[in-house]
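**Q** Letter by letter, the chains look like this.
Number of protein chains: 2
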Amino acid sequence: MENNIETSRALATRIYDLDSEVYRLVGSSLGRTFTGDKETSIRNLTTLISTHPQGHLLRSEIALIGNMARTIRNKEDRSRMMHEYNEILHQIAELPESFGSVDILDQNLASLNTSNLHQKFSKDDHLIICIGRTHGSAGTDIGFALADALKINYYDVEIFNRVLERLEAEKDSVTDRDSFTSKLNQVAKHDTSAKRFLKDFSRYHGLPKKDAVFFNQSDLIVEMAKKEDFIVMGRCADVILTNNRIPHISIFITAPFEQRVRRMMEVNNLPLKEAVRRLKKIDKGHEQYYHFYTGRKWGDAVNYDLCINSACYGIEESVELIERMIDIHPEK
Amino acid sequence: MENNIETSRALATRIYDLDSEVYRLVGSSLGRTFTGDKETSIRNLTTLISTHPQGHLLRSEIALIGNMARTIRNKEDRSRMMHEYNEILHQIAELPESFGSVDILDQNLASLNTSNLHQKFSKDDHLIICIGRTHGSAGTDIGFALADALKINYYDVEIFNRVLERLEAEKDSVTDRDSFTSKLNQVAKHDTSAKRFLKDFSRYHGLPKKDAVFFNQSDLIVEMAKKEDFIVMGRCADVILTNNRIPHISIFITAPFEQRVRRMMEVNNLPLKEAVRRLKKIDKGHEQYYHFYTGRKWGDAVNYDLCINSACYGIEESVELIERMIDIHPEK
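Here the protein sequences come in this chain order: R and P. So in the numbering used here, spot 299 of the first sequence is number 299, and the numbers just go up one at a time. The numbering used here runs 332 ahead of the 1-based position in the second sequence.
One thing to keep in mind: the hints can contain errors.
Computed, partial: chain P to chain R, Cβ under 7 Å [stated by the list, open to error]:
| # | residue |
| --- | --- |
| 1 | Ser373 |
| 2 | Phe476 |
| 3 | Cys639 |
| 4 | Asn641 |
| 5 | Ala643 |
| 6 | Arg656 |
Hints were generated in silico from the structure; no laboratory data involved. Even glycine gets a Cβ: it sits at the ideal position worked out from N, Cα and C.
The following block holds chain R by itself, in its conformation from the complex:
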């Protein structure tokens, strides 16, 4: 602790001196950060550093000096001061953990976020983007356009159901196992996923149909996630993949209610009243489905890596924004 105090005091002195120098160069004492006498200022600053090094107040004190330093007219003086300022910032950043300098990283969440530059991912990890969206937010269009921009597959409820139907149809008509799985390669493109699927398909017999469908879709998502890059719309895919510890990017796309109503009126050619009624009903359904299968609040920002307000960007912009986020730069 003694040591901490000393470190803090040395740093406090350095900050105080920077402040004095900056304001001398600015040529005015007005707006000077430390107006009290040197000893008192340094003592308070020392306490601040050794107690809340990452605290709001310390940041503000330093920001004030930085803001002022940027106004120094003489280029040389300015860069000298900015250099010292940055050095001090680094010193603060490097204060030991015991000082309370802690990052917000949730290793479990972060390790599942493939857009997280500093996370190491194995060659087997695929780019899987889960997109949840409110109806009328153009989330589907954005997901579809993104899949084409990235040249990866796009899956939504219709496609899953289609694939599942086919698998089932095949299951009935099959005689020779090899020809069967080889055929399945054209569907799910992975015999293992097909085998697994058929195993589970019987496992889930006896469940309410709705649940059986959900579980079958879940298994399909998990199996595909081990084999290919793709974008999946809805289906609680984000939670399914998280529970299976499969890295992915989860995005939620929404837009203001009025905006979504307007879009619904335009796209489905509906009168205002009807559009509002339907949209409320659809939102409610989404909410219940998501909560029923995940126990989470649908659309709550903390459930996703990123939330996008499509009304601020439009479809094309949103696609480019996501491309930038995952650091794949738009060809355009």
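Please build the complex by placing chain P on the supplied structure of chain R, with the hints as guidance.
**A** Only chain P this time, still in chain R's reference frame:
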């Protein structure tokens, strides 16, 4: 309308033919999208296109073909099919508005979002980033680090109050107007903002102190926004700038409650129970402040351009993510 039907039918035929060709090349009829007879398939597809061109179902039909086309082994065949597939996508995208192909863009919102590539901004528009955040989400650290990465000023409640105090102090001690405003340049760096501020300062006399402070801060934000790039933390700055039609980027940073509690325990060295109690109290306060002055729900994704879950990225990652979003690439 007749014309629309014809266009739709031509497009439907083109899609049907692509489907047939793709599955011929994949060498299996399994998973073929249009399994019915050609005439029926094209009729249904035509209806789908002329009614809901941007609809979920049509996208799925096409995605199925695209997904399958990507599995064609022969490189030449594949690129030929993918080319035709993209052409069809463009045709759909170019269907007239009357077809319901409408973007989600809210011109009012979009024109205020400076990260919106396709919006044209005048030379006078500055890069202003408003960051709202939940306590314990490291939002302050992220905003501060971002300001330094972008080399722009950083403003938060402490700094505003400091600036306001100084302006007031100066106001009392001032004798010569010129020397006064010249001094103010060191504070707000803009005499107009200072003049404006003083005008308003008296205007708001008679208001509850809390409100006077809020309005003074608001005016300061608006004035500064006309003169410099900066990052502003909280203060309902996003709504204040929106109401004043000043372009800006609004970001909300949050993290799961447990995560924020953990951070609070570490940073402020508190026991679990106390951290939970305080955090709930702080969240409530934020909510009420934001709602009181904006009438909006605090932290609701539709109020921001972007919401970031800092638990998925950590501080450094979040900064880089925002830099990528505004298309300023990290120097690292």
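**Q** What hint numbers does the structure not satisfy?
**A** 1
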